[in-house]
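Student: If you want the building blocks of each chain, they are given just below.
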Amino acid sequence: MSAAGLVLVVAVALLSVPPAVAQTVAIVGGKVYPVSGPPIDRGTVLLRDGRIAAVGAEVSVPDDAARIDATGKWVTPGLIQTGSTLGLHLLDVGGQVDTREDSLEGPLKPAFNVADALDPTALPLPPARMQGITSAVAVPTTGLIPGQGVMYDLFGERVESLLVRSPAVMVIDFSRSGKAAGGGSRAGIMKRLRQVFRDALEYDRRRDDFRRAAMQPLAASAEDLEALKPVLRGELPVLAIANRKGDIENALRIAREFGLKLVLWQGAEAWQIGADIARARVPVVVEPLTDVPTFDQLAPRLDNATLLRAAGVNVIIAQRDEALHRNLRFAAGNAVRNGLDWNVALRAVTLAAAEAANVGDCYGSLERGKVANVVVWSGDPFEFSSWAEHVFIRGREVPRVSRQTQLRERYRKLPPTY
Amino acid sequence: MNCLLLAALGAAISACAARPAPTASPAPSKSAPYPSTYQRRSAPPVLIRNATVLTAAGAELTNASVLIVDGKIAGVGTNLTAPPGVVDMDATGKFVTPGLIDVHSHLGVYAAPSTSAEGDGNEATRPVTAEVWAEHSFWPQDPQIPLAVAGGVTVIQALPGSANLIGGRSAVLRLVPARTVQEMKYPGAPYGLKMACGENPKRVYGKTGPSTRMGNMAGYRSAFIEAQRYGEKWEAWNKSKSGTKPDRDLKLETLVGVLRGQILVQNHCYRADEMAQMLDLGREFGFRIRSFHHAAEAYKIADLLAKEQVAASIWSDWWGFKMESLDGIPENAALVQQAGGIAIIHSDSENGIQRLNQDAAKAMYEGRQAGLPVTREQAIRWITRNPAWALGIDSLTGTLEAGKAADVVVWSGDPFSVYSKAERVYNEGSLVYDRNDPKHQWRTDFNLGTGAPGVGR
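For the protein sequence lines, the chains are A and B, in the order given. Residue numbers for the first sequence follow the numbering used here, beginning at 1 and rising by one. Residue numbers for the second sequence follow the numbering used here, beginning at 1001 and rising by one.
Honestly, I wouldn't trust all of these hints.
Stated by the list, open to error - Subject to a maximum C-alpha distance of 30 Å in a straight line, what follows is the list of computed DSS-like cross-link-like pairs (lysine-lysine):
1) B/Lys1421 <-> A/Lys73
2) B/Lys1307 <-> A/Lys413
3) A/Lys245 <-> B/Lys1251
4) A/Lys179 <-> A/Lys191
5) B/Lys1233 <-> B/Lys1207
6) A/Lys245 <-> B/Lys1421
7) B/Lys1421 <-> A/Lys31
8) A/Lys191 <-> A/Lys261
9) A/Lys229 <-> A/Lys191
Stated by the list, open to error - Non-contacting residues of chain A with respect to chain B, defined by C-beta distances greater than 10 Å in every case (computed):
10) Gln23
11) Leu91
12) Pro217
13) Ala255
14) Pro300
15) Trp387
16) Thr417
Worth flagging that the hints you see were computed from the coordinates, not collected in a lab. Glycine included, every Cβ here is placed at the ideal spot set by N, Cα and C.
Could you build the full structure based on these sequences and the hints that come with them?
Tutor: Okay, here's the thing in structure tokens:
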């Protein structure tokens, strides 16, 4: 098997669900938001064998199906969190390195893939699931090229039963935090990236010379250069951290030069060049609560997503979260508060996110054949007054239990009984 | 989140909870140095009509009006007579609340654009720095300030960070455009004293001490023993006026202020067991802690906090970002309230302060979902009346009651909806923010020419 084959293990094949849990479930009578099409009043969503078997107003429910009465409820695809360390840490405890697995030392780590660090027992997973987040793109951090992110589902026993796509993205940091690897300058970031990309192409052309040690030393190890091949073929998307307008322009420039498939991440000043971004057909992962100026982003705006959408950019919504990854739906709500169309916001946390991770054919909408990641909400999923009443991941209902709910019950009456 | 570390407790809410006793007159004497030069801006009277009004002092009112005259609430109700020259505002479909108060902010002391040059929040050079005052770090041109105002915030407590056991004095400030911090200082507001439990001091001073929680406790006790002795020395001299006049000591002056009940203790403390230790510390030296901040585990000792009437200032749902926050739960505020305690939602964040209403909303609905009844009228107190109490200014602001300062927010809709926005913000009757009028969207000096858009853009 070629090294390239090792790098691009696409795990969508793993989507089959163990038959033991493959119950048929019919969610009946709710207002269904498929995302891929118009809402359906009093629709039915049928889940079978971990997939969506049918969606519509006229779906016949098999006798053996477990029925969930969703009258008055809202039914949507599960939400997808793009670009976070959710699942990579037993816990996100600052300074407590023995709980964190998201980074390697050094500036250039294209071969570092976080899949082996995924932890199905990570403590932030249950609260995130209970807020309707069913999949995530988990990414490595630190350095100019932190490494490869993976897409996974939030519910399962082993890494193999979580993974959706590995790698899903290659992370590259064009922002202030990438500067150290560029010798302290943003221009240095570009210089070093061009050098690494050229060497990766050179390595690919002169593999035999490399083996015979008949080449000048290259800018990265063979393993790392190898890992860049799918990036330079435009197959593996680059998740590019860039906030300043200039950083975004640099990312667009280098993407043109080397034929990269780009997804911008954070993009605080992206609203300033929405037309350019739209023309390049580059989606932007927006964090809609960003408005505090720094020297990495002097001009952030709360309506960034709104302005980008108006310029024709495909918008994805994410939010790094001090409450450990649970508040994605409220970030989407705030984007609506600041002008984004509600349906666009729903797409931005479902189908648009799936498409950016190259899994739009299996995830992100309620369509026959897609993976059964489905949420039944008590009301508008973006509102504080609503909650996720039923969360299905690959057709299995997630229990509404977390460490927090256990603590709550223990201390509901004081003094507690231990 | 610059200091990552604080939570405070809120004001009494439940009908059966005794209202906490007001602290002994905290007003600084006329000779207090660095006095407030704040002056109310004169503004025409305003009548806000046909709104849903959450007064933080009683039941929710519908189709009600709020009248502002000379910077004060002149009336709240349905039959108000408008004085001549009134600015008449039909607020049908809108909500009116008191101005929001953040008991835990580092605006101005950790200003944007977040450079080390402006990292003025932690005097992290020794574990007890009771001598420093946050107001001496505060930068009134911090571009984060108008962003908070656009979220409906009218008053903050700017605090030193939590590196130190005793971090220094806080400043209670009105968020109004100003050239100097003196022009923002809330007249008559007592000072707070920032204290910090747990991980931060022992991490920062691990090499020289304290390096343990028992070291932390010894540090507080030693400082207050010193303060007692200092206070006695001055008392004796004041009585006899003979012998050598004692030297002034800035650090001990502040701690004596705490012992005399003139300075309110604002104590960063996450864990239930540590809060109990701090309550005992207060007993040992005869002072009361006004509020615990970042009290992630307040719900575990909600009964104790209610009995002591010490507020719990918290986030709705932050947890797990450090060991002492591991047990934070989103029903914390509701559980504290249910026990008769004083719950406060605070931010400790330049982002969170822009959406205190949303954080209170989360805490309210998480409580309801767990079967803990919380009304909107109660939840609004978590970000208005209760923080006013924790800062010792509840006789002046924090509710919409006749005679109180006209710190008022007009919301586009239910403030506990994610879609609602503060439309107009009045700070003692002065319109400091109007979402629909660029004339009332103040830009700091930093916003000029840097491209930083500021509010409303």
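Student: Would you mind marking each hint as holding or not holding in the structure?
Tutor: Consistency of the hints with the structure:
no.: 1; hint: B/Lys1421 <-> A/Lys73; result: holds, 26 Å
no.: 2; hint: B/Lys1307 <-> A/Lys413; result: holds, 15 Å
no.: 3; hint: A/Lys245 <-> B/Lys1251; result: violated, 47 Å
no.: 4; hint: A/Lys179 <-> A/Lys191; result: holds, 11 Å
no.: 5; hint: B/Lys1233 <-> B/Lys1207; result: violated, 34 Å
no.: 6; hint: A/Lys245 <-> B/Lys1421; result: holds, 28 Å
no.: 7; hint: B/Lys1421 <-> A/Lys31; result: holds, 27 Å
no.: 8; hint: A/Lys191 <-> A/Lys261; result: holds, 19 Å
no.: 9; hint: A/Lys229 <-> A/Lys191; result: holds, 19 Å
no.: 10; hint: Gln23; result: holds, 26 Å
no.: 11; hint: Leu91; result: violated, 5 Å
no.: 12; hint: Pro217; result: holds, 37 Å
no.: 13; hint: Ala255; result: holds, 25 Å
no.: 14; hint: Pro300; result: violated, 8 Å
no.: 15; hint: Trp387; result: violated, 6 Å
no.: 16; hint: Thr417; result: holds, 13 Å
In summary, the structure is inconsistent with hints 3, 5, 11, 14, 15 from the numbered list given earlier, while agreeing with the others.
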